[in-house]
Amino acid sequence: MASGSALIFDEEMSRYKLLWKEDRESAIATAVPERLTVSYEALKTHGVTQRCKQLPVRQATEQEILLAHSEEYLEAVKQTPKMSVEELMAFSKQYSDVYFHQNIYHCAKLAVGATLQLVESVMKREVRNGMALVRPPGHHSQRSAANGFCVFNNVAIAALHAKKNYNLNRVLIVDWDIHHGQGVQYCFEEDPSVLYFSWHRYENQTFWPNLPESDYTSVGKGKGRGFNINLPWNKVGMTNSEYLAAFFHVLLPVAYEFDPELVLVSAGFDSAIGDPEGEMCAIPEIFAHLTQLLMPLAAGKMCVVLEGGYNLTSLAQSVCQTVQTLLGDPAPRLSGLTAACERKVLLVQVCAEETEEECVNRLSLCLREGESFTAGFMHAVLSLILPLAYEFNPCLVLGVFRDSGAKTHLTPVWGHLTSLLQGLAGGQMLTVLQGYDKDLLEVTVSALSGAPVPPLGPLGAPKPADVQMMEKQRQRLQKRWSLVQECWGLLR
Numbered sequence: 001m002a003s004g005s006a007l008i009f010d011e012e013m014s015r016y017k018l019l020w021k022e023d024r025e026s027a028i029a030t031a032v033p034e035r036l037t038v039s040y041e042a043l044k045t046h047g048v049t050q051r052c053k054q055l056p057v058r059q060a061t062e063q064e065i066l067l068a069h070s071e072e073y074l075e076a077v078k079q080t081p082k083m084s085v086e087e088l089m090a091f092s093k094q095y096s097d098v099y100f101h102q103n104i105y106h107c108a109k110l111a112v113g114a115t116l117q118l119v120e121s122v123m124k125r126e127v128r129n130g131m132a133l134v135r136p137p138g139h140h141s142q143r144s145a146a147n148g149f150c151v152f153n154n155v156a157i158a159a160l161h162a163k164k165n166y167n168l169n170r171v172l173i174v175d176w177d178i179h180h181g182q183g184v185q186y187c188f189e190e191d192p193s194v195l196y197f198s199w200h201r202y203e204n205q206t207f208w209p210n211l212p213e214s215d216y217t218s219v220g221k222g223k224g225r226g227f228n229i230n231l232p233w234n235k236v237g238m239t240n241s242e243y244l245a246a247f248f249h250v251l252l253p254v255a256y257e258f259d260p261e262l263v264l265v266s267a268g269f270d271s272a273i274g275d276p277e278g279e280m281c282a283i284p285e286i287f288a289h290l291t292q293l294l295m296p297l298a299a300g301k302m303c304v305v306l307e308g309g310y311n312l313t314s315l316a317q318s319v320c321q322t323v324q325t326l327l328g329d330p331a332p333r334l335s336g337l338t339a340a341c342e343r344k345v346l347l348v349q350v351c352a353e354e355t356e357e358e359c360v361n362r363l364s365l366c367l368r369e370g371e372s373f374t375a376g377f378m379h380a381v382l383s384l385i386l387p388l389a390y391e392f393n394p395c396l397v398l399g400v401f402r403d404s405g406a407k408t409h410l411t412p413v414w415g416h417l418t419s420l421l422q423g424l425a426g427g428q429m430l431t432v433l434q435g436y437d438k439d440l441l442e443v444t445v446s447a448l449s450g451a452p453v454p455p456l457g458p459l460g461a462p463k464p465a466d467v468q469m470m471e472k473q474r475q476r477l478q479k480r481w482s483l484v485q486e487c488w489g490l491l492r
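Using our numbering, the letters of the sequence shown correspond one by one to residues 1 to 492.
Be aware that a few hints might be false.
Unchecked claim - Under the rule of at most 25 Å between Cα atoms (straight-line distance), these lysine-lysine pairs were calculated in the DSS-like manner:
no.: 1; residue 1: 124; residue 2: 164
no.: 2; residue 1: 124; residue 2: 163
no.: 3; residue 1: 17; residue 2: 44
Claimed, not checked - Pair ranges (Cβ atoms, derived):
no.: 4; residue 1: 221; residue 2: 394; range: 40 to 50 Å
no.: 5; residue 1: 215; residue 2: 58; range: 33 to 43 Å
no.: 6; residue 1: 144; residue 2: 394; range: 43 to 53 Å
no.: 7; residue 1: 430; residue 2: 66; range: 51 to 61 Å
no.: 8; residue 1: 476; residue 2: 234; range: 27 to 37 Å
Source of the hints: derived by calculation from the structure; they are not laboratory data.
Every value quoted in this text rests on a predicted model; they were computed, and no experiment measured them.
Ideal placement from N, C-alpha and C gives every residue a C-beta, glycine not left out.
Given the sequences, and given the hints that come with them, work out the whole structure.
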């Protein structure tokens with residue numbers, strides 16, 4: 001079984017910068033080389049780098065780049081090392097919000113190559129998971145255009161490479177950058193083998209990249225319809241609670257239905273507090289929890305690739321939180337979570353013009369008649385147990401598995417529940433298994449140790465009636481748990 005986490009970094013990717021002055025309103029000047037170096041130095045300072053398997057960086061081949069880009073575009077970018085500053089400026093102005101440098105083609109090939117090195121190491125089970133610190137980022141880059149600081153689309157190329165070389169049928173891409181990764185969406189919007197989820201600052205199309213296709217109504221095309229999920233934030237100041245709500249009530253239920261064989265994360269940390277682009281209020285510790293919640297998927301095969309992040313302090317802290325969680329460290333406790341995690345609040349934001357039932361049906365990928373026991377239990381875990389547990393913010397999690405005739409059905413679900421609950425109470429969790437069962441014991445030990453748990457297989461969608469029942473139950477319990485918390489505060 002694969003173990004350990006990979007870290008890929010090469011200081012060479014920091015060796016390009018803006019060579020001319022931009023007007024005050026341009027955000028281009030925020031894409032500084034220090035973004036990469038401060039992230040790596042923070043990992044060193046916290047003793048994380050020596051705990052990771054550090055993989056060498058290679059350049060991507062032209063054939064690999066052409067998986068997602070046109071020959072004409074590649075040939076144009078290949079000319080940039082020979083250009084003068086004036087020529088680079090003119091070339092850059094052909095595209096939106098990007099700058100070129102004589103060394104950027106070299107760095108862009110390293111960024112793609114580093115991403116592919118990580119994917120190959122994870123798919124070969126040399127490591128369990130890992131993170132690639134790369135520059136330039138990639139998720140805005142399109143088939144024939146640089147865009148938004150991005151030259152080549154690192155994550156899109158990685159997904160295509162994994163599908164081609166490892167015969168994958170289902171790849172999940174999670175984009176938590178504060179900007180919409182339209183380049184990834186364009187690449188896969190007709191492809192049902194890639195599920196793309198992006199939350200992003202939108203503000204009714206007034207925030208960059210100002211595209212109508214960044215709205216929640218863009219769900220994919222043709223066979224890919226339903227496999228593209230946009231969650232546009234129409235205001236700034238989103239907190240830990242809203243980010244968790246997006247995972248509990250939108251991403252994770254659909255991801256479990258999809259049952260990915262590989263998880264790729266476009267990890268933009270401009271969605272952290274203090275970032276001048278994002279203007280959000282979620283603290284760096286939230287990324288430990290988001291990482292933890294994704295780790296049970298795809299038998300733990302998870303590759304995190306750096307995208308944005310322009311506040312050097314919150315960027316470095318967020319990178320550390322993410323890599324430490326990949327290594328198996330407990331996520332720090334989060335305080336102050338509010339009822340903003342309520343499902344109805346989130347659905348109003350995502351689907352303002354639809355009824356709740358219509359929204360549930362639209363977000364579902366695999367509507368089927370009937371619902372299996374496993375699917376019903378997992379939907380209760382994601383929509384009821386996790387949101388309440390995070391709001392309750394326990395100091396200890398006690399898991400009790402009682403001997404029952406449903407053991408065969410419950411054992412794999414128990415493994416995922418145990419893994420998902422690892423983000424609570426600073427990782428302090430005790431389990432009690434009533435009645436010996438070898439399979440149950442093995443999955444419990446795996447989950448508690450941070451090892452991957454077996455996939456559940458594609459799950460059916462929840463029935464609207466069951467969704468409404470869980471919502472009523474959660475509201476009832478929420479009031480009681482709030483009273484418990486108030487009493488506990490008085491006792492302390």
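Here's how the hints hold up against the structure:
no.: 1; hint: 124 <-> 164; in the structure: holds (14 Å)
no.: 2; hint: 124 <-> 163; in the structure: holds (14 Å)
no.: 3; hint: 17 <-> 44; in the structure: holds (24 Å)
no.: 4; hint: 221 <-> 394: 40 to 50 Å; in the structure: holds (44 Å)
no.: 5; hint: 215 <-> 58: 33 to 43 Å; in the structure: holds (38 Å)
no.: 6; hint: 144 <-> 394: 43 to 53 Å; in the structure: holds (51 Å)
no.: 7; hint: 430 <-> 66: 51 to 61 Å; in the structure: holds (52 Å)
no.: 8; hint: 476 <-> 234: 27 to 37 Å; in the structure: holds (30 Å)
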